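Start from the sequences, fold in the hints, and give me the full structure.
What follows is each chain in one-letter form.
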Amino acid sequence: MSSSNLQKALTQIWAFVFKNWIIAKRNVFAIFEILFWPVVGFFSVGFLTSFLELDPNKTGFILIGIISMSVIQVCQIDVAYVLLYDLWSKSLKHTFIAPVQSFQLLLGSWLIGVVRSFFVFLLLSVFSSLAFGLDFLQPGIGPLVLFLLGLFLTAASVGMTVCILLLLFGYMADVAAWSFSGLISLICGIYYPVFILPFPFPQIAQAIPLTYFLAYFRSFYGFDEGFKNVLAWGFGLAGLYIIVEAILFKVVLHRARRTGVLIKLSE
Amino acid sequence: MALAIQAEGIFKTFRSGWWKKREKQALKGIDLQIEEKEIFGILGPNGAGKTTLLSILCTLLLPDRGNVHILGMDSLYDGHQIRKRVNMVSGNANFLWSLTVKENLHYYGMLYGLTGKEREKKVETLIDIFNLKEHQNIPFDELSTGMKQRLSLAKSVINDPEVLFLDEPTAGLDPDVSIRIRKEILSIHRERGMTVLLTTHNMKEAEYLCGRIAFLKEGEILTTGTAEALKRIVRIGDQIRIEFKGTIPEDELVRADGVINFTISDHLCEIIVDEGEKRLGALVAMIAQGGAQIKKVTLGQIDLEDVFVEFAKGTDSDMGLCV
Chain A
1 MSSSNLQKAL TQIWAFVFKN WIIAKRNVFA IFEILFWPVV GFFSVGFLTS
51 FLELDPNKTG FILIGIISMS VIQVCQIDVA YVLLYDLWSK SLKHTFIAPV
101 QSFQLLLGSW LIGVVRSFFV FLLLSVFSSL AFGLDFLQPG IGPLVLFLLG
151 LFLTAASVGM TVCILLLLFG YMADVAAWSF SGLISLICGI YYPVFILPFP
201 FPQIAQAIPL TYFLAYFRSF YGFDEGFKNV LAWGFGLAGL YIIVEAILFK
251 VVLHRARRTG VLIKLSE
Chain B
1 MALAIQAEGI FKTFRSGWWK KREKQALKGI DLQIEEKEIF GILGPNGAGK
51 TTLLSILCTL LLPDRGNVHI LGMDSLYDGH QIRKRVNMVS GNANFLWSLT
101 VKENLHYYGM LYGLTGKERE KKVETLIDIF NLKEHQNIPF DELSTGMKQR
151 LSLAKSVIND PEVLFLDEPT AGLDPDVSIR IRKEILSIHR ERGMTVLLTT
201 HNMKEAEYLC GRIAFLKEGE ILTTGTAEAL KRIVRIGDQI RIEFKGTIPE
251 DELVRADGVI NFTISDHLCE IIVDEGEKRL GALVAMIAQG GAQIKKVTLG
301 QIDLEDVFVE FAKGTDSDMG LCV
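Chains as they are written, first to last, in our numbering: chain A, 1 to 267; chain B, 1 to 323.
A few of these clues could be false.
Claimed, not checked - Pairwise CB distance ranges (calculated):
#1 B:Lys117 - A:Phe118: 46 to 54 Å
#2 A:Ile204 - B:His80: 58 to 66 Å
#3 B:Ile294 - A:Lys264: 22 to 30 Å
#4 A:Ser3 - B:His80: 19 to 27 Å
#5 B:Asp74 - A:Ser4: 19 to 27 Å
#6 B:Asp74 - A:Ser3: 45 to 53 Å
#7 A:Ser129 - B:Asp74: 56 to 64 Å
These aren't lab readings, by the way, just hints derived from the structure by calculation. Quick caveat, the model's predicted, so the values are computed rather than measured. The C-beta atom is built at its ideal place from N, Cα and C for all residues, glycine as well.
Following this line, the structure appears as structure tokens:
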């Protein structure tokens, strides 16, 4: 690829960062998404741990869970927003008549999601340190970076699933953008270890990368959930899902061009 | 002249419903050839399949059967390459609501890979050309319908397309705004020399803008030709109205060259001829020589609307010709 083509390709990725950023900064709801709901959720659970007089390790266990969930929620919604904004504005056809590749669309929206959710992480980790004495730097910078990367990749996978559903089912699927992460929080052990779940949920949890990333980071705070090679499993599954979903996205986009969904969603 | 758009045997059926499948055949074997730099109109009533056809040609929709070549490239395999060289405008323009005019143009410029200063310059130029300066910082959802459509036109040329698709570009606009938009379309075409494919159900618009027109009805092209040629095909011709005193020589009128039909009532004779200007002198002379005293003569030209009405009446007539 020549440098001019590379520059064009990067500009096309940047287009989606630009779009999501401008819309998010003008949207009160989007500001609530990164400031209000995560902070309210965090303190609600944090004060619950105080009331239950949990020891610092258990408090850490739960706070790591709630912060991870907020990071994933904010990051994945940005990936989903790349289609949702167009869907709500009925401008989907203008995006897809442009010569953009699906990976550019997904990557651009994921990048802005990473920025916004990293901000959420910073905010909540400062609060967790000040209010509940949980130090996120305790495991060290390396493990923290790996943990965050795992969360961002999990979010990419969840967001891509929502995008696929949107192209398949249109407006009917936009509820998935908010409900998917809730479902994951139930299965992946945000507030509890997965082994307390009834069959078959612990087995299902093992197919979700977040389970391994949580187990990895919590292990530095004295919790061992009995999983082996957690990073390999976590990154392996996340990578696999992202590749499969990228292919599926192309397939459903082709289907949307065949069935007329792209046109219908722009009317 | 090379072909910009070539479609052969395009079929499209839409299927809907989960349990009870419903099918609607939107296109039934469309063949179309549009030359480079031509403004070509697809005219037809609502539900004729105009938007479906345009969507297939601009790669937003895939046909069930048939071949589409845009600028020599196969739309099924070279969709991405085609998209670099085409663009579209749709009626009821819709863009990202909370982005301003300028931000929307920047966003679409980025989607077409325009970088840094090149994009900045392009956006400024388009804002100037389309008189959007005063509105450049206003969010899309606060613009008037006319302004939205103007933005849509500006966006449609951001990548200097070689083929521009216009899907009912003046739908829902006030008449004065529609006239302005049509002038802008002509001006874009004149300056840039791109191929334009336009769908409309507005006969005046098609007649004003298009070199050639295809009539589409129930998914089939009934005929293709210039506005003038189509008027000739339906054989409803021009109308000569003659107010007179005395007697009209009916026998001679029947035999006169170019007369398609005539009616005579109370000192008014209405004659339908193939070409009004050509036949007018001879007919007036013939009637005057036949003994009638002519008081007033008017020549009325039919417009495309009359042709459209004739076509919309049915397909059983002998109109299925290609001119």
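Now the hints, each set against the structure:
Checked against the hint of 46 to 54 Å, the C-beta distance between B:Lys117 and A:Phe118 comes to roughly 30 Å, which is inconsistent with it. Separation of A:Ile204 from B:His80 is about 38 Å and departs from the stated range, judged on CB atoms against 58 to 66 Å. Evaluation of the 22 to 30 Å hint for B:Ile294 and A:Lys264 yields a failure: the beta carbon distance comes to about 60 Å. For A:Ser3 and B:His80, the hinted distance range of 19 to 27 Å is satisfied, since their beta carbons lie about 20 Å from each other.
Range check, B:Asp74 to A:Ser4: about 26 Å between beta-carbon atoms, so the 19 to 27 Å window is met. Between B:Asp74 and A:Ser3 the C-beta distance comes to about 29 Å, which lies outside the given range of 45 to 53 Å. The beta-carbon spacing between A:Ser129 and B:Asp74, approximately 60 Å, falls within the hinted interval of 56 to 64 Å.
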